[in-house]
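Student: Sequence order for the protein chains is A and B. Residue 125 in the working numbering sits at position 125 of the first sequence, and the numbers go up by one each step. Add 1000 to a position in the second sequence, counting from 1, and you land on the number used in the working numbering.
Check the hints yourself; a few may be wrong.
Stated by the list, open to error - A few chain B positions that, by computed beta-carbon distances, are all more than 12 Å from chain A:
| id | residue |
| --- | --- |
| 1 | 1110 |
| 2 | 1129 |
| 3 | 1147 |
As the list claims (entries may be wrong) - Calculated cross-link-like contacts (lysine-lysine; reagent style DSS-like; alpha-carbon spacing at most 30 Å):
| id | chain 1 | residue 1 | chain 2 | residue 2 |
| --- | --- | --- | --- | --- |
| 4 | B | 1013 | B | 1117 |
| 5 | B | 1005 | A | 175 |
| 6 | A | 61 | A | 114 |
| 7 | B | 1063 | B | 1013 |
| 8 | B | 1015 | B | 1141 |
| 9 | A | 175 | B | 1015 |
| 10 | B | 1025 | A | 175 |
| 11 | A | 184 | B | 1005 |
| 12 | A | 61 | B | 1117 |
| 13 | A | 175 | B | 1151 |
| 14 | A | 114 | A | 8 |
| 15 | B | 1144 | B | 1006 |
| 16 | B | 1141 | B | 1025 |
| 17 | B | 1117 | A | 184 |
| 18 | B | 1025 | B | 1006 |
| 19 | A | 148 | B | 1151 |
| 20 | B | 1121 | B | 1144 |
| 21 | B | 1141 | B | 1013 |
| 22 | A | 175 | B | 1144 |
| 23 | B | 1151 | B | 1006 |
| 24 | A | 184 | B | 1015 |
| 25 | B | 1025 | A | 61 |
| 26 | B | 1013 | B | 1144 |
| 27 | B | 1013 | A | 61 |
| 28 | B | 1151 | B | 1141 |
| 29 | A | 148 | B | 1117 |
| 30 | B | 1015 | B | 1005 |
| 31 | A | 175 | B | 1063 |
| 32 | B | 1144 | A | 184 |
| 33 | A | 184 | B | 1063 |
| 34 | B | 1025 | A | 148 |
| 35 | A | 61 | B | 1063 |
| 36 | A | 61 | B | 1015 |
| 37 | B | 1121 | B | 1006 |
| 38 | B | 1141 | B | 1006 |
| 39 | B | 1063 | B | 1151 |
| 40 | B | 1025 | B | 1015 |
Honestly, the hints are just simulated from the structure, not real lab data. Remember, it's a predicted structure, so these values are computed and weren't measured experimentally. A virtual CB, placed ideally from N, CA and C, is assigned to each residue, including glycine.
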Amino acid sequence: MIRSEILKNLIPVISDHFVICNIGLPSQEMHMMDDQATNFYMLGTMGLSSSIGLGVALAQKQTVISIDGDGSVLTNLGTLPTIANNVADNFILLIIDNGSYGSTGDQPTYAGQKTSLAAVAEACGCENVVECQAEEAVDVVQGAIDSKQMTVIVCKCESGNIPVPVITMDPVVIKHRFMTELEKRNA
Amino acid sequence: MSIDKKIVADFVKNKIELVTTVPCKQLAGVIEEIDACDDIYHIPSNKEDEGMGICAGSFMGGKRSAIIMQNTAIGVTINTLATLTQYYRMPLPMLISYRGELGEPVACQVEMAVHTKALLKQMNIPTYHFHRERDVEELDKILKYTFMSNKPVAILTDASFWGGY
């Protein structure tokens, strides 16, 4: 199973929540399959999906799910200690770990070799870390939402991509509709 | 009121509720005040671009945010400033210690100091330079300007402003 199939399976579980979609293909796949105001698409800035998601979660009450990648987390590895030490129980970090930089041509990452991101997250002090296989993603993410505890999920899957169109939506529109919907739900 | 207390009071007055910091000797006092302030959530970052991501999220979540960092961080954060803060049009006050200016004992700090204003200018980032203690009087207006314009704004604070370090 590849990332796009995991995201497709997850739509019924995450569609009602606020989702920070990682740069490149994860954003483009979510945009193609389930575009809506609760999705924040990163059009640039590799590595910051988890940081943006943590910021949103700390600032308000709604559940926030950051969809990240193993390559992006490796780019911003300092995010894991920050997450561990600033617990937001409405925050879920979902790392889709396909062991490769998917958006740039599937070059292998260290997470697909000797490095375990789940072990790194635990060593950083994250209290609820779950490593799962692609087939278990729906149950694990639903469980994390229901637990109302900050959770880091490392979902292992195969490398590979489907053709998806780029996002042409203006960034200010993406931001504005996300903020408006968030404000409405928190009202 | 000390400079440190005045800065934090202006942050609170302008409804800044989350501040991320990456430390610098010159900023030690203000970071201590941020940490002690009940109205501000202080979240130390491991790197300044990470901090800008947290600030972007906080802003979208409805809480105004700010970053406190050293000018060397301009070298770290150009991409984040361009593709996140500016591209999505988000306000971000950046209180920056301007190392490598008069009174600087560490030669290497000068190497980024000479690029700091040029980089900020290239990025079209409104930039204010606090050199004398009284310059802090402008902070309240600068913060209001930042949230009015929805832009990252740099406040460079040099060693003379802090009274040496």
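Student: Against each hint, give a clear statement of whether it holds in the structure.
Tutor: Here is how each hint holds up against the structure:
1. 1110: Non-interface label on residue 1110 of chain B holds, nearest chain A Cβ at 27 Å vs cutoff 12 Å.
2. 1129: holds, 27 Å
3. 1147: holds, 14 Å
4. B:1013 <-> B:1117: Satisfied, since the Cα-Cα distance of roughly 28 Å is no more than 30 Å.
5. B:1005 <-> A:175: violated, 33 Å
6. A:61 <-> A:114: violated, 37 Å
7. B:1063 <-> B:1013: holds, 13 Å
8. B:1015 <-> B:1141: holds, 13 Å
9. A:175 <-> B:1015: holds, 21 Å
10. B:1025 <-> A:175: violated, 36 Å
11. A:184 <-> B:1005: Between residue 184 of chain A and residue 1005 of chain B the Cα gap is close to 35 Å, so the pair fails against 30 Å, i.e. violated.
12. A:61 <-> B:1117: violated, 39 Å
13. A:175 <-> B:1151: At roughly 14 Å apart (the allowed maximum being 30 Å), residue 1151 of chain B and residue 175 of chain A satisfy the hint.
14. A:114 <-> A:8: holds, 29 Å
15. B:1144 <-> B:1006: Holds, at roughly 15 Å.
16. B:1141 <-> B:1025: holds, 26 Å
17. B:1117 <-> A:184: violated, 40 Å
18. B:1025 <-> B:1006: Holds - the C-alpha atoms of residue 1006 of chain B and residue 1025 of chain B are around 18 Å apart, at most 30 Å.
19. A:148 <-> B:1151: The hint is violated at about 34 Å.
20. B:1121 <-> B:1144: holds, 21 Å
21. B:1141 <-> B:1013: OK: residue 1141 of chain B and residue 1013 of chain B at ~11 Å, within 30 Å.
22. A:175 <-> B:1144: holds, 21 Å
23. B:1151 <-> B:1006: Satisfied, since the Cα-Cα distance of roughly 23 Å is no more than 30 Å.
24. A:184 <-> B:1015: Roughly 20 Å between the alpha carbons, so the hint for residue 184 of chain A and residue 1015 of chain B holds.
25. B:1025 <-> A:61: violated, 35 Å
26. B:1013 <-> B:1144: Measuring from Cα to Cα gives roughly 10 Å; hence the hint holds.
27. B:1013 <-> A:61: Cα-Cα ~24 Å, so holds.
28. B:1151 <-> B:1141: Holds, because 14 Å separates the two Cα atoms, which is no more than 30 Å.
29. A:148 <-> B:1117: violated, 45 Å
30. B:1015 <-> B:1005: holds, 15 Å
31. A:175 <-> B:1063: holds, 14 Å
32. B:1144 <-> A:184: holds, 25 Å
33. A:184 <-> B:1063: Holds - the C-alpha atoms of residue 1063 of chain B and residue 184 of chain A are around 15 Å apart, at most 30 Å.
34. B:1025 <-> A:148: violated, 39 Å
35. A:61 <-> B:1063: The given pair, whose Cα atoms are some 12 Å apart, holds under the 30 Å limit.
36. A:61 <-> B:1015: This hinted pair holds, its Cα atoms lying about 19 Å apart.
37. B:1121 <-> B:1006: holds, 27 Å
38. B:1141 <-> B:1006: holds, 13 Å
39. B:1063 <-> B:1151: holds, 16 Å
40. B:1025 <-> B:1015: Answer holds: residue 1025 of chain B to residue 1015 of chain B is near 26 Å, not above 30 Å.
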